[in-house]
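J.: Here is what each chain is made of, one letter per residue.
Number of protein chains: 2
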Amino acid sequence: MSETGTRRRARGGGGAARRAARSAVSFETAKYIERNIPNFEVLTEEALEIIEANAETILEEVGVNFVNNPAALDRWRDAGADVQGERVRIPKGLARKLCATAPSQFTQHARNPERNVVIGGNNLVLAPVYGPPFVHDAKGGRRYAKMEDFQNFVKLGYMSKWLHHSGGTVCEPTDVAVNKRHLDMLHAHMTLSDKPFMGSVTEPSRAQDSVEMCEILFGKDFVQENTVMTSLININSPMTFDDVMMGALEVYAQNNQACIISPFIVGGAMAPVSVAGTLTQVLAEGLAGIAYSQLIRPGAPVIMGAFVTSIDMNSGAPTFGTPEASQITYGAGQLARRLGLPYRSAGSFCGSKLPDAQAAYETANSLNMGLLAGVNFMLHACGWLEGGLAASYEKFVMDADQLGALHKMAQGVAIDDNAQAMDAIREVGPGGHFLGCAHTQANFKTAFWRSDLLDYKPFETWAEEGSRDTMALASARVEKLLADYQQPAIDPAVNEALNSYIANKKASMPDVIG
Amino acid sequence: MSETGTRRRARGGGGAARRAARSAVSFETAKYIERNIPNFEVLTEEALEIIEANAETILEEVGVNFVNNPAALDRWRDAGADVQGERVRIPKGLARKLCATAPSQFTQHARNPERNVVIGGNNLVLAPVYGPPFVHDAKGGRRYAKMEDFQNFVKLGYMSKWLHHSGGTVCEPTDVAVNKRHLDMLHAHMTLSDKPFMGSVTEPSRAQDSVEMCEILFGKDFVQENTVMTSLININSPMTFDDVMMGALEVYAQNNQACIISPFIVGGAMAPVSVAGTLTQVLAEGLAGIAYSQLIRPGAPVIMGAFVTSIDMNSGAPTFGTPEASQITYGAGQLARRLGLPYRSAGSFCGSKLPDAQAAYETANSLNMGLLAGVNFMLHACGWLEGGLAASYEKFVMDADQLGALHKMAQGVAIDDNAQAMDAIREVGPGGHFLGCAHTQANFKTAFWRSDLLDYKPFETWAEEGSRDTMALASARVEKLLADYQQPAIDPAVNEALNSYIANKKASMPDVIG
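Sequence lines, in order, name chains A and B. Start counting the first sequence at 1; every next residue gets the next number (UniProt numbering). Start counting the second sequence at 1; every next residue gets the next number (UniProt numbering).
Worth flagging that the hints you see were computed from the coordinates, not collected in a lab. Errors might be hidden in some of the hints.
Pairs involving identical chains hold if they fit within one copy or between any two copies, as the list cannot separate such chains.
To be verified - Simulated pairs of lysine-lysine, DSS-like, Cα-Cα distance not exceeding 30 Å: (1) K220 to K31; (2) K146 to K505; (3) K31 to K97; (4) K146 to K457; (5) K139 to K457; (6) K146 to K480.
Just chain A, with the same shape it has in the complex:
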């Protein structure tokens, strides 16, 4: 269904085609990462057991709140929980037992089957930034996001080799009414990309719209039998499950669609200031939320999430790429694996207001940690700026480029005869060089990961070309990508049905300004 690899400008043939090929932007998408390296584990067996026992204690003694949701309270009561008002106290062992029906991995289908992703196991699926109300670029600075920006980010995601997933709210299109924009956002993901995507969670009715649009795109039976959306259900930490998010979860779980059930924690505010305490709460919240999904539909696909940052106790600002967040991310990965559940965490997190060195330090800290923590689904893998308040055009392509390094790192170290390279060492010997030896000639094309963006030129060449920093290089790349974008083909009848669905829906609703 896609036209991967074909390009508009290449159609001219002859010299024009060759010139175009030289400057071509690849539409290739890498397969999701299949790790061939160990996970990094900061918690000892003893620490894990203490945290697991504490989480059960919290669920039993303190409990969680399910707000404005009598049906949820009934479900919990029927399952054996102690329900007082909106407080649900879950006896030790119950939540864990309920979680056991959730699959350890699942396939999310894309409309282009080559872009299907398997979430769980040793895999890592990368999806772009989610949720910013602002966008930022070098030319326009920071401004409220519009639908055109949203479409641009979907296009950039579609063209990014190292992104496996189109994501969800890549930015909030504030120029469309809040009760209608999910329709346009889904339409963009469905028609401007052919990668898998996320559904709306801002109202249960919008989750239902998401399912219905997927039924148009994939067919009604296909959606009931397969997972075609992975949507983000945030827990209101500490330990509160609101009716909006739970309503969306209920729609998705009933329809066999996947939910990321994820605490959103600024440590020190929504959780204790300690790593072990935060992990206890993350686990308690995850257990309660995932157990609830299985009360809706046993076997419904879920991902255990941990969005954790810490607070700067001087200013109250959230901070990113910090060691405490890394420790929590490593530890939560261990806890998720012991539950046998797919794990979501990490991302291109930073607090910087520009895609500068601060942004890159913080982001690299978080991306590397995400790979080694055994994360299975990394939302926000590129484009996050300013604590998530802005989606940055330049940082989107800068981060997306760095994601290539994660792919190579995850392959692990080959140890076959070719990798041992004994003949090369014998051939070259002391004092020689390997540039021309047979082994180098046979392997150099795939030997080293290479950035498509960063500057490897000598100082003099770089200076002659204008002494550009990374932001300037990224700005040029964004411009080129958007100019070269080509929409993947879609069945015109499907497209028309989507447009008709959206038009009818919009006509039935007044504009709500969010």
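Since the structure of chain A is provided, determine the placement of chain B on it from the hints.
T.: The following block gives chain B in isolation, referenced to the frame of chain A:
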């Protein structure tokens, strides 16, 4: 011997003193890192055994060259190697056996005993950039380094909380004759800082001068009984040990001073393009060099080094922060630990010409990897720019700030009752917040690592203050640090003796332009 914590401007007393205290730059130095986290290991036991066997095969079949060094050839012949011309073939097992006398860890003494470092075991000692002929700053751009720059970098290193070591050639002071500059460089480390430092390796005679200056600083007996320098001996990869570097090694080993014996490898040029092949060569070279140090003096302290980058096969440029370099660094750490030797690798590596996002991505990749790879001595831990051609003032303080995060990460996760924070979770409960709870009040000051440099302010405040990027923040910090610098006290008699030694040495030599 130091005046840690005192400041020139604080002497005014009263309001001036309080204002000064509020803007004070701390002179505190953190203890070297003692890791309480596991090492990350990419190689399986099987892969390690193959690489170890292959390295022994290379040493026996191919051998290494000791160039212009008949005494070294005699030593090898006496030890049982097969010496033909300058080629030394080392029977399987011999190098490993010789390495066994090298200590698994050792103390390097500083003139301020509080700054002594223990190199080896679970420790990580951080030292600044080494070797650049250029310096770079925001105001002056890139220019040849001078002695004033060298002194400035020593001052910045002295004032950096997270740097444990003053390093060696923090930049090449090109305005001093090449045969004399080592004297001025050593003098700067000895008098402008009280942290441990490195000796000269550019001629054996300069290594001897380094020992003699240390005898003045520490006392002659002390130097013979203790290690007071850790100096960098590069192997000319592939498998060549030149007389200059080996001559310096001989001086240091004879005097019980430590050497980092380190291949300098641009993968694809000085080693095979494969990770396993490069590790085989790194191990073979390390074994030969370390074995040779033990032929000079059994028990001489050494560090097994691995400086590895890969080549961009498009341009021939070295690249940094790449996944292949990470895999080699992780793997070489495993090999060093199996040899029971301290390990040197990683650093603030980047290829960028500016301290921009590229520099920070590449550097963060390398710093994080260095921590998790079990590195014991990290040279180039801050300030490296442009593939090591330039020492950057701004990047020095930017990287040095990031090193703080490594300290916190290395502490691991506490699991005592306070860390479990069960009372906090019980106190706050669902829907509350932790900002004011007793546990937060008791722990917030030490809970989260906090950058001293990066911007955590809201967008509006940041914009009002001039929308500064990280380079601008770092530039201001460099200026403040150098303005606030205060020299640590030194015995005037020692200082005079050093000055006299240097004056006599210089008077005995013509200027040599390097």
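J.: Take the hints in turn and mark each one as holding or not.
T.: Here's how the hints hold up against the structure:
1. K220 to K31: within (27 Å within a copy, 63 Å between copies)
2. K146 to K505: For K146 and K505, only the intra-copy Cα distance (20 Å) is at most 30 Å; the inter-copy one is 71 Å.
3. K31 to K97: neither (34 Å within a copy, 46 Å between copies)
4. K146 to K457: between (37 Å within a copy, 25 Å between copies)
5. K139 to K457: both (25 Å within a copy, 22 Å between copies)
6. K146 to K480: Within one copy only: 21 Å inside a chain, 42 Å across chains, cut-off 30 Å.
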